[in-house]
Amino acid sequence: MDSRTNIGCVRGLGSAKHGGEHWLKQRLTAIGNILLTTWFAASLLLIPSFDQAALAQWLAQPLVAVPMILMIANIFAHARLGLQVLIEDYVHDDGLKFAAMTLLNFYVIASAVFGIFVVAKLAFTGAPA
Amino acid sequence: MAKNPNRPLSPHLQVYRWSPQMAISIFHRATGFVLATAGMMTLLWWLSAIGGGAESYATFQTYVVSAGADGTGFQVASNWFFRLVALAVTFSFFQHLASGLRHLVLDIGAGYELKSNRLWASVAFIAAIFATALVALIVASRFLGVL
Numbered sequence: 001m002d003s004r005t006n007i008g009c010v011r012g013l014g015s016a017k018h019g020g021e022h023w024l025k026q027r028l029t030a031i032g033n034i035l036l037t038t039w040f041a042a043s044l045l046l047i048p049s050f051d052q053a054a055l056a057q058w059l060a061q062p063l064v065a066v067p068m069i070l071m072i073a074n075i076f077a078h079a080r081l082g083l084q085v086l087i088e089d090y091v092h093d094d095g096l097k098f099a100a101m102t103l104l105n106f107y108v109i110a111s112a113v114f115g116i117f118v119v120a121k122l123a124f125t126g127a128p129a
Numbered sequence: 001m002a003k004n005p006n007r008p009l010s011p012h013l014q015v016y017r018w019s020p021q022m023a024i025s026i027f028h029r030a031t032g033f034v035l036a037t038a039g040m041m042t043l044l045w046w047l048s049a050i051g052g053g054a055e056s057y058a059t060f061q062t063y064v065v066s067a068g069a070d071g072t073g074f075q076v077a078s079n080w081f082f083r084l085v086a087l088a089v090t091f092s093f094f095q096h097l098a099s100g101l102r103h104l105v106l107d108i109g110a111g112y113e114l115k116s117n118r119l120w121a122s123v124a125f126i127a128a129i130f131a132t133a134l135v136a137l138i139v140a141s142r143f144l145g146v147l
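Protein sequence lines correspond, in order, to chains A and B. The first sequence lines up with residues 1 to 129 when you count with our numbering. The second sequence lines up with residues 1 to 147 when you count with our numbering.
The shape of chain A in the complex, shown without the other chains (with noise of 0.2 angstroms):
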């Protein structure tokens, strides 16, 4: 038992004041997403040629590196934030869970980090032969 008023009971076991910050970081890299996907839907449209030597000189342009980067980190961030609720929502097991969110992790980092790394190789030392 307990001495203290209900109130106190609870006091300081609060969210601790992130409790909106999944939610609203969900909606910024949702609206991220609509902004970089129709640049590069854009972008898929008006590429001349899909040879090879033409797409590596488009993808070293700065204007396009860039926001390529931009959405390659952003989409996983979405979609670490989306999956962490499907496997939160889907998996019961405790040990399958953690299991699940260390894999999610390990995937979204690992394919953004190989993603970038790959277009910024191409941006800074230009295009192979």
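These are computed hints drawn from the structure, not numbers from a lab. Be a bit skeptical, because a hint or two may be false.
Some but not every residue of chain B turned toward chain A, in silico, with C-beta under 10 angstroms [unchecked claim]:
| no. | residue |
| --- | --- |
| 1 | Ala36 |
| 2 | Met40 |
| 3 | Leu44 |
| 4 | Ser48 |
| 5 | Gly53 |
| 6 | Glu55 |
| 7 | Val65 |
| 8 | Ala67 |
| 9 | Phe93 |
| 10 | Leu101 |
| 11 | Leu104 |
| 12 | Ile129 |
| 13 | Thr132 |
| 14 | Val135 |
| 15 | Ile138 |
| 16 | Phe143 |
From the three backbone atoms N, C-alpha and C, an ideal C-beta is built for every residue, glycine too.
Since the structure of chain A is provided, determine the placement of chain B on it from the hints.
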């Protein structure tokens, strides 16, 4: 933590009557999963094939786009597999975009009236299907020489 299997579960998909309003929710999740996995893996393969040079891009084209007339059975099967993936990813993109926009509207507190909620859920599905068909037509005529 001890598990009691007799604890009540929240109602799941199979107990609901299908309606646009509930279907759009599960489709939002399913399409998000497709985009995060198949969509992003294909995008990363494409980007790294561009960065890898002419030879690695040719490999990407052989397996994903078209193996050409002298492609092996496996390569042709792979082409068809990736055409299905492309169709699924394209639909997922537009579906996730449409239902995501709907979510942003719901987030400001609008669109909860039964009729308008049902209407916009249906609109999101129809818009996604139309946009997917449009993209499929453009790709088929411009890149695959089908039309």
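Now the hints, each set against the structure:
1. Ala36: B/Ala36 check passes; min Cβ-Cβ to chain A is 4 angstroms, inside 10 angstroms.
2. Met40: It holds, given that the least Cβ distance between B/Met40 and chain A is near 6 angstroms, below 10 angstroms.
3. Leu44: holds (5 angstroms)
4. Ser48: holds (5 angstroms)
5. Gly53: Result: holds, 4 angstroms to nearest chain A Cβ.
6. Glu55: holds (9 angstroms)
7. Val65: holds (8 angstroms)
8. Ala67: violated (16 angstroms)
9. Phe93: holds (7 angstroms)
10. Leu101: holds (8 angstroms)
11. Leu104: holds (7 angstroms)
12. Ile129: Hint violated; B/Ile129 Cβ to chain A Cβ min 17 angstroms, cut 10 angstroms.
13. Thr132: violated (13 angstroms)
14. Val135: holds (9 angstroms)
15. Ile138: Where the cut-off is 10 angstroms and the nearest Cβ of chain A is about 8 angstroms from B/Ile138, the hint holds.
16. Phe143: holds (7 angstroms)
Checked against the numbered hints listed earlier, the structure breaks hints 8, 12, 13; every other hint is satisfied.
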